[in-house]
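The listed protein sequences correspond, in order, to chains A and B. Heads up, the first sequence stops at 111 in my numbering, and the numbers go up one at a time, no gaps. Heads up, the second sequence stops at 115 in my numbering, and the numbers go up one at a time, no gaps.
There may be inaccurate statements among the hints.
Pairs of lysine-lysine residues, derived as DSBU-like cross-links and limited to a Cα-Cα distance of at most 35 Å, are as follows [claimed, not checked]: (1) Lys64/B <-> Lys41/B; (2) Lys55/B <-> Lys78/A; (3) Lys66/B <-> Lys55/B; (4) Lys59/A <-> Lys78/A; (5) Lys41/B <-> Lys66/B; (6) Lys66/B <-> Lys14/B; (7) Lys58/A <-> Lys42/A; (8) Lys66/B <-> Lys59/A; (9) Lys41/B <-> Lys69/A; (10) Lys69/A <-> Lys58/A; (11) Lys55/B <-> Lys14/B; (12) Lys69/A <-> Lys66/B; (13) Lys58/A <-> Lys41/B; (14) Lys69/A <-> Lys14/B; (15) Lys41/B <-> Lys20/B; (16) Lys64/B <-> Lys14/B; (17) Lys59/A <-> Lys64/B; (18) Lys20/B <-> Lys66/B; (19) Lys14/B <-> Lys41/B; (20) Lys41/B <-> Lys57/A; (21) Lys69/A <-> Lys42/A; (22) Lys41/B <-> Lys59/A; (23) Lys59/A <-> Lys69/A; (24) Lys64/B <-> Lys42/A; (25) Lys42/A <-> Lys41/B.
Computed beta-carbon distance windows for the label pairs [what the hints assert, rightly or not]: (26) Ser18/A <-> Ser9/B: 31 to 41 Å; (27) Lys58/A <-> Glu87/B: 19 to 29 Å; (28) Arg98/B <-> Pro111/A: 15 to 25 Å.
Computed footprint of chain B on chain A; a stretch qualifies when at least three of its residues, placed anywhere within it, have a C-beta under 8 Å from a C-beta of chain B [said to hold, decoys possible]: (29) 36-44; (30) 70-81.
To be clear, the hints were calculated from the coordinates, so they are not data collected in a lab. For every residue, glycine included, the Cβ atom is placed at its ideal position computed from N, Cα and C.
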Amino acid sequence: ILNVEQSPQSLHVQEGDSTNFTCSFPSSNFYALHWYRWETAKSPEALFVMTLNGDEKKKGRISATLNTKEGYSYLYIKGSQPEDSATYLCAFRTGANNLFFGTGTRLTVIP
Amino acid sequence: GAVVSQHPSWVICKSGTSVKIECRSLDFQATTMFWYRQFPKQSLMLMATSNEGSKATYEQGVEKDKFLINHASLTLSTLTVTSAHPEDSSFYICSAPRSSGNEQFFGPGTRLTVL
Chain A
1 ILNVEQSPQS
11 LHVQEGDSTN
21 FTCSFPSSNF
31 YALHWYRWET
41 AKSPEALFVM
51 TLNGDEKKKG
61 RISATLNTKE
71 GYSYLYIKGS
81 QPEDSATYLC
91 AFRTGANNLF
101 FGTGTRLTVI
111 P
Chain B
1 GAVVSQHPSW
11 VICKSGTSVK
21 IECRSLDFQA
31 TTMFWYRQFP
41 KQSLMLMATS
51 NEGSKATYEQ
61 GVEKDKFLIN
71 HASLTLSTLT
81 VTSAHPEDSS
91 FYICSAPRSS
101 GNEQFFGPGT
111 RLTVL
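Chain B on its own, in the form it takes in the complex (with noise of 0.2 Å):
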């Protein structure tokens, strides 16, 4: 399968403080990559789509300026958590889907701590 990696996979940081997870898909393109977040308990949600070229788009309830994602090449989505806080402790996973067939590969994720 495809390989998705995940940087850095986790970080503990204070609050108000910006951080900046990074999504790469090593062995293929993707023009559009998945963020999702995880908190205890519940399901991955996604959060954002990451559009390479063009403006991510965000679901309902993702603040769009605290969540920044850039898709800088077709191989790299950058999430960035600006003026972290506590309530922004979660897991966070991006994924790819390649431009054949239905499949989608996940990253490992990135366990974020905000003190």
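So that you can see chain A by itself, here it is in the shape it has in the complex (with noise of 0.2 Å):
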């Protein structure tokens, strides 16, 4: 069982304002990092997957960076609204398609 660990835990913002999130991950054996996005009752959705260190990506308001070497990735929301507010997932690839995972940074955005 790999070791993944996503901090904080919980958070809670102010619509408008900007969050960031952490994931860190073994730093051997990496294949890829993806970040999903899962509400409650829903099926997690996917936001990015990562593979090269220093990759950055962006979709919309949301940003993520990787830096493998040290074994972290950031996730980045930008102007939260209420509708971000979701569990944000990371999992770990080795190679092989199953993912090791985290246990989630639960983010609630206040009106």
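Given two chains presented individually in distinct reference frames, assemble the corresponding complex, making use of the accompanying hints.
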């Protein structure tokens, strides 16, 4: 079992604030790092798949960076909106298709 | 993105009964599907890999005779929890990778409660 940690566990921000959270993972045997957004009672939604050290990806107000040498990825949300409220999961992949998940960061955006 | 459905979304059963959960890829074919389990306050943990046309492979500590997996077609995998006990109460979720690209697509999950 590989150790994937996410912090913080939960986060409350005001609407309009920008925020970020961290995913740390083993720095060896890296293949890809996945970010998912998971709303209650829905399927986890793929946000990013990151494969290269130094990668930065962006989707609207959400962006992510990747450092495979030190084993961390940051997810940023600019100008948080109530609809951004969800649990954000990261998952580390070594090469096979199976993913090793963190426990997630639960974000609540207060209107 | 691709769509994966899962049925039922929740189920309550008595101890000793068997429960079948279905995972379907609706708009793509999946030769491989994955079954995960999540206990409260823990991360999603891979239970087994379902392979179309061959036996499933199970992660360490997951009993293959208790969690029966059948990948009957390129769009359907089923997980049957046999002789369920209260400690099997958990959230079960499946995923399927598309043959092209790195993404995996998840179903919405099934909440199993065994009384």
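Hints and how they fare:
A C-alpha spacing of about 25 Å is found between Lys64/B and Lys41/B, which places the hinted pair at or below 35 Å, so the restraint holds. Among the hinted pairs, Lys55/B with Lys78/A is inconsistent with the structure: their alpha-carbon atoms are about 46 Å apart, more than 35 Å. Restraint check for Lys66/B and Lys55/B: the C-alpha separation of about 14 Å stays at or below 35 Å, so the hint holds. A hinted pair counts as satisfied when its Cα atoms are at most 35 Å apart, and Lys59/A with Lys78/A qualifies at roughly 11 Å.
For the hint pairing Lys41/B with Lys66/B, the CA-to-CA distance comes to about 24 Å; that is within 35 Å, so the pair holds. Of the pairs offered as hints, the one joining Lys66/B and Lys14/B holds, with about 16 Å between alpha carbons and a cut-off of 35 Å not exceeded. Pair hint Lys58/A plus Lys42/A holds up; C-alpha atoms about 23 Å apart against a cutoff of 35 Å. The suggested pairing of Lys66/B with Lys59/A is violated, with an alpha-carbon distance near 42 Å, which exceeds 35 Å.
Between Lys41/B and Lys69/A the CA atoms are separated by roughly 29 Å; this keeps the pair inside 35 Å, and the hint holds. At most 35 Å may separate the alpha-carbon atoms for a hinted pair to count; Lys69/A and Lys58/A meet this at roughly 21 Å. Annotation: proposed proximity of Lys55/B to Lys14/B holds, straight-line Cα distance about 28 Å (limit 35 Å). Simply put, Lys69/A and Lys66/B have alpha-carbon atoms about 40 Å apart, too far for the 35 Å limit, and the pair is violated.
Between the alpha carbons of Lys58/A and Lys41/B the distance comes to roughly 29 Å, so the proposed pair stays at or under 35 Å and holds. With a C-alpha separation of about 49 Å, the suggested pair Lys69/A and Lys14/B falls outside the 35 Å cut-off, and the hint is violated. Restraint check: the Cα-Cα separation between Lys41/B and Lys20/B comes to about 24 Å, which is no more than 35 Å; the hinted pair holds. This hinted pair checks out: Lys64/B and Lys14/B have alpha carbons roughly 21 Å apart, not beyond 35 Å.
Between Lys59/A and Lys64/B the alpha-carbon distance is near 40 Å, which puts this suggested pair outside the 35 Å criterion. For the hint pairing Lys20/B with Lys66/B, the CA-to-CA distance comes to about 12 Å; that is within 35 Å, so the pair holds. For the given pair, Lys14/B sits about 24 Å from Lys41/B by alpha-carbon distance, which is consistent with the 35 Å threshold. For the hint linking Lys41/B to Lys57/A, the alpha-carbon distance of about 29 Å falls within 35 Å, and the restraint holds.
A distance of roughly 33 Å separates the Cα atoms of Lys69/A and Lys42/A; the hinted pair therefore holds under the 35 Å criterion. Simply put, Lys41/B and Lys59/A have alpha-carbon atoms about 28 Å apart, close enough for the 35 Å limit, and the pair holds. Pair hint Lys59/A plus Lys69/A holds up; C-alpha atoms about 24 Å apart against a cutoff of 35 Å. Of the pairs offered as hints, the one joining Lys64/B and Lys42/A holds, with about 28 Å between alpha carbons and a cut-off of 35 Å not exceeded.
For the suggested pair Lys42/A and Lys41/B, the alpha carbons sit about 18 Å apart, so the restraint of at most 35 Å is met. In this structure the hint that Ser18/A and Ser9/B lie 31 to 41 Å apart at CB holds, the actual value being about 34 Å. At roughly 43 Å, the beta carbons of Lys58/A and Glu87/B sit outside the given window of 19 to 29 Å. For Arg98/B paired with Pro111/A, a C-beta distance near 37 Å fails the hint of 15 to 25 Å.
Only residues whose C-beta sits within less than 8 Å of a C-beta in chain B count toward coverage, and the stretch 36-44 of chain A has 5 of them, enough to reach three; the restraint holds. By the rule of at least three residues with a Cβ nearer than 8 Å to a Cβ of chain B, the coverage given for the stretch 70-81 of chain A is violated, with 0 such residues.
This entry does not satisfy hints 2, 8, 12, 14, 17, 27, 28, 30, going by the numbered hints stated previously.
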